[in-house]
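Put together the whole structure using the sequences plus the hints.
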Amino acid sequence: MREGTNNTKGVKVDYSHTNHRIIIPFYISNGTDFYSDSIKILELCLLSLKRHSVYNHKVTLICNGNRNNAVENKITALYQNDLIQELLFFPEAIGKVNAILKVLRDIPEYYVTITDGDVFFKTKWDKEVMDVFKNHPKAGAVSPIPIMRSHSGYTMNIWSDYLFSNKLQFKKPEDALGLEHFSKSIGWPHLPEHFKNWILMVTNNDHNAVVGHSHFCATYKTTVFNALPDDQPIYLLGNNSMFPFLDRPTTLCDGYRLATAQTNGYHLGNTFVDDQDLYALHTQQECVEIPVHDHKMRVKPISYFIKFKLFSKLMRTKWFKKKFYTSKGLPSEQLDNFM
Numbered sequence: 001m002r003e004g005t006n007n008t009k010g011v012k013v014d015y016s017h018t019n020h021r022i023i024i025p026f027y028i029s030n031g032t033d034f035y036s037d038s039i040k041i042l043e044l045c046l047l048s049l050k051r052h053s054v055y056n057h058k059v060t061l062i063c064n065g066n067r068n069n070a071v072e073n074k075i076t077a078l079y080q081n082d083l084i085q086e087l088l089f090f091p092e093a094i095g096k097v098n099a100i101l102k103v104l105r106d107i108p109e110y111y112v113t114i115t116d117g118d119v120f121f122k123t124k125w126d127k128e129v130m131d132v133f134k135n136h137p138k139a140g141a142v143s144p145i146p147i148m149r150s151h152s153g154y155t156m157n158i159w160s161d162y163l164f165s166n167k168l169q170f171k172k173p174e175d176a177l178g179l180e181h182f183s184k185s186i187g188w189p190h191l192p193e194h195f196k197n198w199i200l201m202v203t204n205n206d207h208n209a210v211v212g213h214s215h216f217c218a219t220y221k222t223t224v225f226n227a228l229p230d231d232q233p234i235y236l237l238g239n240n241s242m243f244p245f246l247d248r249p250t251t252l253c254d255g256y257r258l259a260t261a262q263t264n265g266y267h268l269g270n271t272f273v274d275d276q277d278l279y280a281l282h283t284q285q286e287c288v289e290i291p292v293h294d295h296k297m298r299v300k301p302i303s304y305f306i307k308f309k310l311f312s313k314l315m316r317t318k319w320f321k322k323k324f325y326t327s328k329g330l331p332s333e334q335l336d337n338f339m
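For the sequence shown, the working numbering assigns the number 339 to the last residue and increments by one with no breaks.
Hints in this document: simulated from the structure, not taken from any laboratory.
Just to be clear, a hint being listed does not mean it is correct.
[To be verified] Keeping only pairs whose Cα atoms sit at most 35 Å apart, straight-line, the calculated DSBU-like set for lysine-lysine is: (1) Lys328 - Lys124; (2) Lys74 - Lys58; (3) Lys328 - Lys184; (4) Lys309 - Lys196; (5) Lys138 - Lys313; (6) Lys124 - Lys102; (7) Lys50 - Lys127.
This is the structure:
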């Protein structure tokens, strides 16, 4: 028997929102071994987002593959402390990309940051990202963390557009220490000297950005995901499962994949390191709404064919690639390190 009236009947849906959504896919099996520090690292990630962001945002955490009540309770506590605004649990392991797609296919925000849960965000990281969008109108995706060897990762449209321009050049990195930190976080003993001296950068409006970026942390103009495929990824992780869903939509829209010139975050990895100088948390400041810079991206099939099919084929020829690299300022003795 029904009594009374549903108090939501006739009430309009509130579609007010910020312009920036942050999606964190989070996999943890049982909190031991490889994942033993995962919750502690996730909390540091969320705290750095809350305290170090300039602009308003909402965090969505998608936790999958966990059946441990203790782990679930710890994550729920982070939600209750307002470090997470939207929390989804999937007890089965659905994979990183599937977890992202649960949210990505239907979000209203103009910008979406997709990041792993093991990233420490430095002060004003999001302002630095937005400065790239502001000064490079064709940017479709921007990472706050530049890395070495990213210049040839789905970046043929940048190479093509700046083929005869001196605005695309190999230069000395602005933050070699940040590159060194990243290399050690992925298990390298040190950063080779040539990566400390050369990185491909594009300049526009007197603003430098690093060409290319990794998958583990990037902010996208949400409209690039209008080009998402309808199908679902086959693999939980690896086997190029990221490409159709995170890389190809940006390139289909002729969007640039860039990174900030300075390191604005650190990859923490799966082992917690108590470095209170490097990972210092500052006092939270009042946030403002994120600016919107020419956010609309659309599929450009002709540009995609010319730049990522025809020009890409040309760039795969060794003689042309060497000529291109030297024309962009890379010394001939360094060619083998960047091919």
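Does the alpha-carbon distance linking Lys50 and Lys127 stay inside the 35 Å limit?
holds (14 Å)
Given hint Lys58 paired with Lys74 - CA-CA distance at most 35 Å
holds (19 Å)
Below or equal to 35 Å on CA atoms is what counts here, so check Lys124 against Lys102.
holds (28 Å)
Between Lys328 and Lys124, does the CA-CA distance stay at or below 35 Å?
Measuring from Cα to Cα gives roughly 31 Å; hence the hint holds.
Would you mind confirming whether the straight-line C-alpha gap from Lys309 to Lys196 stays at or under 35 Å?
Cα-Cα ~32 Å, so holds.
Are Lys328 and Lys184 close enough, with their CA atoms no more than 35 Å apart?
Satisfied, since the Cα-Cα distance of roughly 28 Å is no more than 35 Å.
So if I understand the rule, the pair passes when the alpha-carbon distance is 35 Å or less; does Lys138 with Lys313 pass?
holds (23 Å)
Checked against the numbered hints above, the structure breaks none of them.
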